[in-house]
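Student: Sequence lines, in order, name chains A and B. Using numbering that gives the first Met the number 0, the letters of the first sequence correspond one by one to residues 0 to 328. Using numbering that gives the first Met the number 0, the letters of the second sequence correspond one by one to residues 0 to 376.
Certain hints may be false.
Stated by the list, open to error - Lysine-lysine pairs mimicking DSBU-like chemistry, simulated, CA-CA at most 30 Å apart:
hint, chain 1, residue 1, chain 2, residue 2
1, B, K131, B, K230
2, B, K32, B, K160
3, B, K157, A, K50
4, B, K160, A, K50
To be verified - Some chain A residues well away from chain B (every beta-carbon gap over 10 Å; in silico):
hint, residue
5, L214
6, A297
7, E306
Simulated from the structure, these hints should not be mistaken for laboratory data. Note that beta-carbon positions come from the ideal geometry of N, C-alpha and C, so glycine has one too.
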Amino acid sequence: MAVITYRQAIKDALAEEITRDENVFVMGEEVAQYNGAYKVTEGLWTRFGDKRLVDAPISEAGFIGLAIGSAMMGLRPVVEMMFFSFVYVAWDQAVNNASSVRYMSGGQINVPLVIRGPANGGTNVGATHSHTPENLVANFPGLKVVCPATPADAKGLMKSAIRDNDPVFVMESTVLYGEEGEVPDDEDFIIPLGKADVKRKGKDLSIIAHGRSVLMALQAAEELKEKHNIDAEVVDLRSIRPLDEETIIESVKKTGRALLVEENKPYSGVGAQISHLIQRRCFDYLDAPVHRLSAVDAPAFYSPPVEKVQLPEAPLIIRETLDMLNVKR
Amino acid sequence: MSTETQDQAAQAKNDLFAHAKAPVNQQLTAEQKIKLYTDMVRIRKFEQAALQSYQKGKMGGFLHLYIGQEATAVGTISLMDDNDHIITAYRDHGHALAVGMTMNECMAELFGKFTGCSKGKGGSMHFFAPDKRYWGGHGIVGGQTPLGLGIAFALKYKGLKGCCLTYLGDGAINQGPFHESLNLASLWDIPVVYIIENNRYSMGTSQTRSSAHPEEGLAARAEAYNMEWDKVDGSNLYEIRAKTAVAMERARNESRPMLLEIDTYRYYGHSIADANHKKYRTKEEIEDYQNNKDPISVFQQILIQEGVLDEEQVKEIDSTAKEEAKASIEFADNSPFPPAQELLTDVYWATDNPGQHNNQGRMFFNDRLPWDDEYQA
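Bound-form chain A, shown alone (with noise of 0.2 Å):
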């Protein structure tokens, strides 16, 4: 297994599945010559030409919509957002034809669409860039959407997503290109979509996060075994839609405590789905309410400082778990 960058493992699964498949290709602002706004992409051009890595005006409604209707004759479009706020303006081809065009055809037609980027807060952009659509784009029945945290997760997840016969979002973080972990080199390595991943093993409360937040909870639980001898779960959703709830129930049964952590906002944020999850499916084994962290109610704060403050860090999940627990801090 190689230790590679979260960006190195989407590049690679970029460039495998462009191998394998003639009909995959990358389209996107910058996404060739320039080798990628965040380089994800780069040497890509150089190694497989124009056809396969298109670098395209700005205008995400056109292209995006040349996307899906590229996709409904059999290609399989990788389309790359340089930032997910990006999508708002191609919502009517993104999210309207994307999710609907299957369903109004009565299952004539497939749209096996990926769209990519990185969507999250945290780098001072503002409000306008800033933006993590995971839940809008969850609350649309014939979309699926994926936000890995570790560079294993970002290849296979990208690699079942490329493969995958429906349109799927693959939500990434500029925050995240840059961490590294092991990642297989089987060329085959696939994470399904929908399967949670248990990233950290506990016995005293459930943290369920995706994205960012996945690293913050496991920095807490580790200083929450260290100052406070607290054993805390950590469940990485790993897939918003579809969602695995069999592993966050198992894990609340077990712990009889959840903390739902996301950079999201909190009104219908993906743990506004998580706790009736769990409210329903373990209301007989909670020992306290349910905790939600979440990026506090604003649009994105553009001072470092203060927007540093507005999502939540690893030192805000060990306070919510001390005072879940009635701990002292």
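Once you've looked at the hints, dock chain B against the given chain A.
Tutor: Then chain B, alone, in the frame of chain A:
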């Protein structure tokens, strides 16, 4: 007849046959010409029958009628080759019948029946027949224009010599995605033919109140994208075929897009729910089109003058189409509604094809479903 009247009559005849000698028209057999005429009549009879059924409360939602525009769908679609595809907006019944979808499956779809072309999941605005290279049927104004671009992009990607006819109304030309599509089509040499069906009104707003454009017409906007364009008289099927053939040949052979603007008219409102359609336009305007530019009457006149068609045949085609439409209503009436469980099929390929994918976990999120046993008990 005065000399002046004679001149006018001669001029009218010239106009009628101005494009008869175009190769695509000259090569038509009498049989093919009658088929084109018949297809237009079938569309009209189908929609008249649909209108009656709508008024009887047989269907829900919207019903956007194509009556008055028939020559556009029939003329353009008649030029399709094996690698040519089409996609259109929500006024889609004419295109559906023109590509060879049956009246039965279309009427059943309007009635919301399981035997409909989309199993009752799409309705009037969302007909589909990918087996006939007909990719819908799209409800959001202009939303289909990048999809048509993508279909044509896929043809080029696969090295196939074909094009995608992508229709839109005059009300769609101000939507951003359409402009983005024009730019991409020209920039990347994509074999797409955009066809503006200009029926002069975007719902209740006339073209003069909605679109700024060069004097020559809406399609002249193509010049901004370094794209060829042309204007077409939508009442004359020969002209539609002649000019569309040029665009399709250019797309297939040179992989260059083109923008056509076909002047046409709808006799009914934007949809049947459009109660104001005689307020935002005059009765005289509607009658003028019906009396002088009706595409079915015009082509009938042409074929009678050519000796291809006689009054007897006209009557027979009319009554046969009427019968077919009537039978489609019976078919739709007698068809079952989809079972409620159909709500959760065709949402994801994965859930419809168990065992053929690696997806796990939960896909649908209702705690209980209305048809669950525990509710029925």
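Student: Now tell me if each hint is right for this structure.
Tutor: Structure-based check of each hint:
The straight-line distance between the Cα atoms of B/K131 and B/K230 is roughly 27 Å, inside the 30 Å bound, and the hint therefore holds. Between the alpha carbons of B/K32 and B/K160 the distance comes to roughly 26 Å, so the proposed pair stays at or under 30 Å and holds. Restraint check for B/K157 and A/K50: the C-alpha separation of about 11 Å stays at or below 30 Å, so the hint holds. The suggested pairing of B/K160 with A/K50 holds, with an alpha-carbon distance near 17 Å, which does not exceed 30 Å.
Listed as outside the interface, A/L214 is consistent with that label: its C-beta sits roughly 22 Å from the nearest C-beta of chain B, beyond the 10 Å cut-off. Annotated as non-interface, A/A297 keeps its C-beta farther than 10 Å from every C-beta of chain B; the closest such distance is 28 Å. Non-interface call for A/E306 relative to chain B: holds, since the shortest CB-CB distance, roughly 31 Å, exceeds 10 Å.
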